[in-house]
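2 protein chains.
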Amino acid sequence: MTVELGDRSYPIVIGRDLLDGHFDLSEFVRGSDCLVVSNETVAPLYYERLRANLPGCDVRSINLPDGESFKTVATMLSILDRLVESRANRDVAVVALGGGVVGDIAGFAAACYMRGVDFIQVPTTLLAQVDSSVGGKTGVNHAQGKNLIGAFYQPRVVLIDTNTLDTLPDRELAAGLAEVIKYGAICDAEFFAWLETNMAQLLARDADALGYAIHRCCALKAEVVAEDEREAGRRAILNFGHTFGHAIEHCQGYGEWLHGEAVAAGMLMAARLSGLAEKDIHRLERLVAAAGLPTRPPAIAPDDWRKAMGMDKKVQGKALRFVLLRAIGDSRVSAEYDDRRLNEILRG
Amino acid sequence: MTVELGDRSYPIVIGRDLLDGHFDLSEFVRGSDCLVVSNETVAPLYYERLRANLPGCDVRSINLPDGESFKTVATMLSILDRLVESRANRDVAVVALGGGVVGDIAGFAAACYMRGVDFIQVPTTLLAQVDSSVGGKTGVNHAQGKNLIGAFYQPRVVLIDTNTLDTLPDRELAAGLAEVIKYGAICDAEFFAWLETNMAQLLARDADALGYAIHRCCALKAEVVAEDEREAGRRAILNFGHTFGHAIEHCQGYGEWLHGEAVAAGMLMAARLSGLAEKDIHRLERLVAAAGLPTRPPAIAPDDWRKAMGMDKKVQGKALRFVLLRAIGDSRVSAEYDDRRLNEILRG
Numbered sequence: 002m003t004v005e006l007g008d009r010s011y012p013i014v015i016g017r018d019l020l021d022g023h024f025d026l027s028e029f030v031r032g033s034d035c036l037v038v039s040n041e042t043v044a045p046l047y048y049e050r051l052r053a054n055l056p057g058c059d060v061r062s063i064n065l066p067d068g069e070s071f072k073t074v075a076t077m078l079s080i081l082d083r084l085v086e087s088r089a090n091r092d093v094a095v096v097a098l099g100g101g102v103v104g105d106i107a108g109f110a111a112a113c114y115m116r117g118v119d120f121i122q123v124p125t126t127l128l129a130q131v132d133s134s135v136g137g138k139t140g141v142n143h144a145q146g147k148n149l150i151g152a153f154y155q156p157r158v159v160l161i162d163t164n165t166l167d168t169l170p171d172r173e174l175a176a177g178l179a180e181v182i183k184y185g186a187i188c189d190a191e192f193f194a195w196l197e198t199n200m201a202q203l204l205a206r207d208a209d210a211l212g213y214a215i216h217r218c219c220a221l222k223a224e225v226v227a228e229d230e231r232e233a234g235r236r237a238i239l240n241f242g243h244t245f246g247h248a249i250e251h252c253q254g255y256g257e258w259l260h261g262e263a264v265a266a267g268m269l270m271a272a273r274l275s276g277l278a279e280k281d282i283h284r285l286e287r288l289v290a291a292a293g294l295p296t297r298p299p300a301i302a303p304d305d306w307r308k309a310m311g312m313d314k315k316v317q318g319k320a321l322r323f324v325l326l327r328a329i330g331d332s333r334v335s336a337e338y339d340d341r342r343l344n345e346i347l348r349g
Numbered sequence: 002m003t004v005e006l007g008d009r010s011y012p013i014v015i016g017r018d019l020l021d022g023h024f025d026l027s028e029f030v031r032g033s034d035c036l037v038v039s040n041e042t043v044a045p046l047y048y049e050r051l052r053a054n055l056p057g058c059d060v061r062s063i064n065l066p067d068g069e070s071f072k073t074v075a076t077m078l079s080i081l082d083r084l085v086e087s088r089a090n091r092d093v094a095v096v097a098l099g100g101g102v103v104g105d106i107a108g109f110a111a112a113c114y115m116r117g118v119d120f121i122q123v124p125t126t127l128l129a130q131v132d133s134s135v136g137g138k139t140g141v142n143h144a145q146g147k148n149l150i151g152a153f154y155q156p157r158v159v160l161i162d163t164n165t166l167d168t169l170p171d172r173e174l175a176a177g178l179a180e181v182i183k184y185g186a187i188c189d190a191e192f193f194a195w196l197e198t199n200m201a202q203l204l205a206r207d208a209d210a211l212g213y214a215i216h217r218c219c220a221l222k223a224e225v226v227a228e229d230e231r232e233a234g235r236r237a238i239l240n241f242g243h244t245f246g247h248a249i250e251h252c253q254g255y256g257e258w259l260h261g262e263a264v265a266a267g268m269l270m271a272a273r274l275s276g277l278a279e280k281d282i283h284r285l286e287r288l289v290a291a292a293g294l295p296t297r298p299p300a301i302a303p304d305d306w307r308k309a310m311g312m313d314k315k316v317q318g319k320a321l322r323f324v325l326l327r328a329i330g331d332s333r334v335s336a337e338y339d340d341r342r343l344n345e346i347l348r349g
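Protein sequence lines, in the order shown, are assigned to chains R and X. Per my numbering: the first sequence = residues 2 to 349. Per my numbering: the second sequence = residues 2 to 349.
Since the hints were made in silico from the structure, they are not lab data. Each hint should be verified, as a subset may be incorrect.
Pairs count within a copy or across copies, as identical chains cannot be separated in the list.
Said to hold, decoys possible - Taking lysine to aspartate or glutamate pairs in the EDC-like style, the calculated list, with each CA pair at most 16 Å apart, reads:
| no. | residue 1 | residue 2 |
| --- | --- | --- |
| 1 | Lys308 | Asp67 |
| 2 | Lys308 | Glu86 |
| 3 | Lys315 | Asp92 |
| 4 | Lys319 | Asp92 |
| 5 | Lys315 | Asp25 |
| 6 | Lys315 | Asp229 |
| 7 | Lys319 | Glu337 |
| 8 | Lys319 | Asp59 |
| 9 | Lys319 | Asp281 |
| 10 | Lys319 | Asp82 |
| 11 | Lys315 | Glu337 |
| 12 | Lys319 | Glu86 |
| 13 | Lys280 | Glu197 |
| 14 | Lys319 | Asp209 |
| 15 | Lys319 | Asp340 |
| 16 | Lys315 | Glu230 |
| 17 | Lys280 | Asp18 |
Start from the sequences and build out the full structure, keeping to the hints where you can.
As structure tokens, this is what we get:
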């Protein structure tokens with residue numbers, strides 16, 4: 002599968018048993034230097050196995066602390082320091098091995114080091130495999146808001162070994178399913194129906210079901226990103242549930258709820274704001290609940306909601322914009338919503 | 002004059018009396034919010050005058066401390082904090098008002114805020130007008146090397162009011178002339194000869210002479226950048242004298258010598274390394290001296306030279322590369338040079 006972006010196009014390679022050297026990444030490394038960026042949790046499981054996919058390379062590594070609360074400029078700078086310390090040149094490749102947090106920080110570091118060096122994504126969580134590793138959004142959080150500092154910076158290749166999901170904690174698997182459900186809700190009613198039928202298999206980590214879902218999500222994302230790389234328009238639909246979700250993460254303090262959990266509750270808030278038919282809201286609610294995800298946000302004061310959402314990147318001319326659903330599988334970005342209904346939803 | 006970069010093309014507007022509202026910048030502002038980034042020295046002179054060029058805009062400002070030693074991540078983050086504090090959205094425009102340091106930091110902040118917002122350059126030094134404001138190189142220094150952290154990020158427009166040179170200190174005017182001489186040396190023998198004839202007028206701040214030089218340099222830079230935006234090849238010739246120059250700045254501690262002064266001495270070192278004909282080395286030496294610029298580097302130990310140059314962004318596969326001259330007006334990037342001669346040059 003390829004993300005079509007002209008001279009920045011890149012392949013997404015999905016399969017079982019790709020680590021341990023069964024897919025050669027060295028052809029994507031211009032020089033011989035690589036820096037593998039991982040974290041304390043993932044590195045012990047997969048770092049040595051990934052080294053086998055980088056034959057002939059001079060591989061160094063750095064492990065970040067694990068968790069969204071460390072997705073900061075300071076952590077990003079620690080990667081740059083490591084690159085400088087190893088006297089890495091412009092031909093170095095930065096390889097992200099881990100979940101969405103590792104990928105976002107490592108990608109931003111790759112974008113900034115010497116004004117941009119090659120970047121390779123090896124996502125090991127479901128969330129990163131279906132969403133954050135594809136499309137080139139990189140960045141870190143600011144004390145006042147999520148992902149406020151970053152770059153659009155595409156990887157040279159995304160390598161998804163679905164076996165890595167075997168070691169993923171249940172809670173993180175569910176969090177990844179929030180983004181999977183998102184794709185169905187915003188642009189693929191057929192896939193949404195498939196998820197309703199197959200949620201039990203996904204939770205049981207059935208390899209075929211997970212493989213199918215990952216393929217489908219990557220294909221949908223690649224199509225949307227190819228059409229609108231820098232989110233001038235349609236790409237914003239991928240943020241369904243995220244305006245509310247980011248506000249939850251921000252108000253809770255990063256790391257309390259997982260990103261996918263916040264997005265799950267956020268999708269239901271957005272569906273209600275959309276004025277979606279009750280039966281469709283219930284379908285979404287049942288599917289989110291079936292995945293073991295929260296259908297309601299935590300208690301947050303309406304003023305805190307408003308303040309946190311004011312930093313959303315979709316705000317235009319001071320007006321909040323939301324991704325709203327016309328129906329399951331049909332979405333749009335809009336500033337036209339019922340503000341009284343929004344207040345009701347925020348009051349919970 | 003236009004920098005041709007497809008959908009990222011932008012105009013360079015050069016003239017006298019453009020401030021005080023005589024050129025409307027508001028058409029380059031998508032929303033109404035602007036943040037003018039300047040410094041303690043330039044803002045008192047030109048900030049109010051620039052506001053007149055932004056009619057109808059909601060203009061905020063931040064003044065950075067003045068000098069290369071403040072070209073750091075910390076200073077860049079202070080701009081991001083100011084943007085967040087003013088709750089700026091993706092439609093904000095960041096306007097750099099000042100010299101190369103202000104432009105480089107502000108441009109990098111614009112590149113990073115919400116993964117990229119609009120950026121406008123209003124350079125007020127000769128160096129920024131002829132070189133750093135055009136072409137999209139932005140960034141800050143790392144403790145271990147110059148411009149190691151940054152982005153290629155093009156402005157939407159460059160506005161050059163040549164009147165601003167009236168307030169430029171002599172030393173900074175001379176530093177800008179180093180980059181002017183560079184263009185002649187690397188790609189325009191005719192312009193080099195013109196500079197030999199007209200250096201006195203330039204130093205006397207003759208408006209016509211300065212205007213002509215600025216036009217010529219911007220045209221040369223626009224052509225090179227259009228051909229090779231991200232410095233995959235030919236653009237590197239613009240770094241003539243800079244491998245040595247950056248090492249001088251780094252070893253001296255940023256702010257001791259001005260960038261242009263370090264580049265001036267660096268160009269003569271590079272010319273000597275090139276094995277250029279003695280008569281041409283002397284022409285370059287005379288022109289550099291006529292501009293009031295240093296023709297010799299400060300005392301630096303050879304090991305310190307080597308270490309500092311090892312962080313140069315042109316290094317490939319561990320090999321230093323230099324911009325070398327075949328003749329005045331004819332340059333190439335090469336790793337083929339006489340290493341013994343390099344040692345002699347470093348020993349001074």
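Run the structure past the numbered hints and jot down the numbers of the failing ones, going up. Going through the list in order, the structure violates hints 1, 5, 9, 10, 14 and 17 and respects the others.
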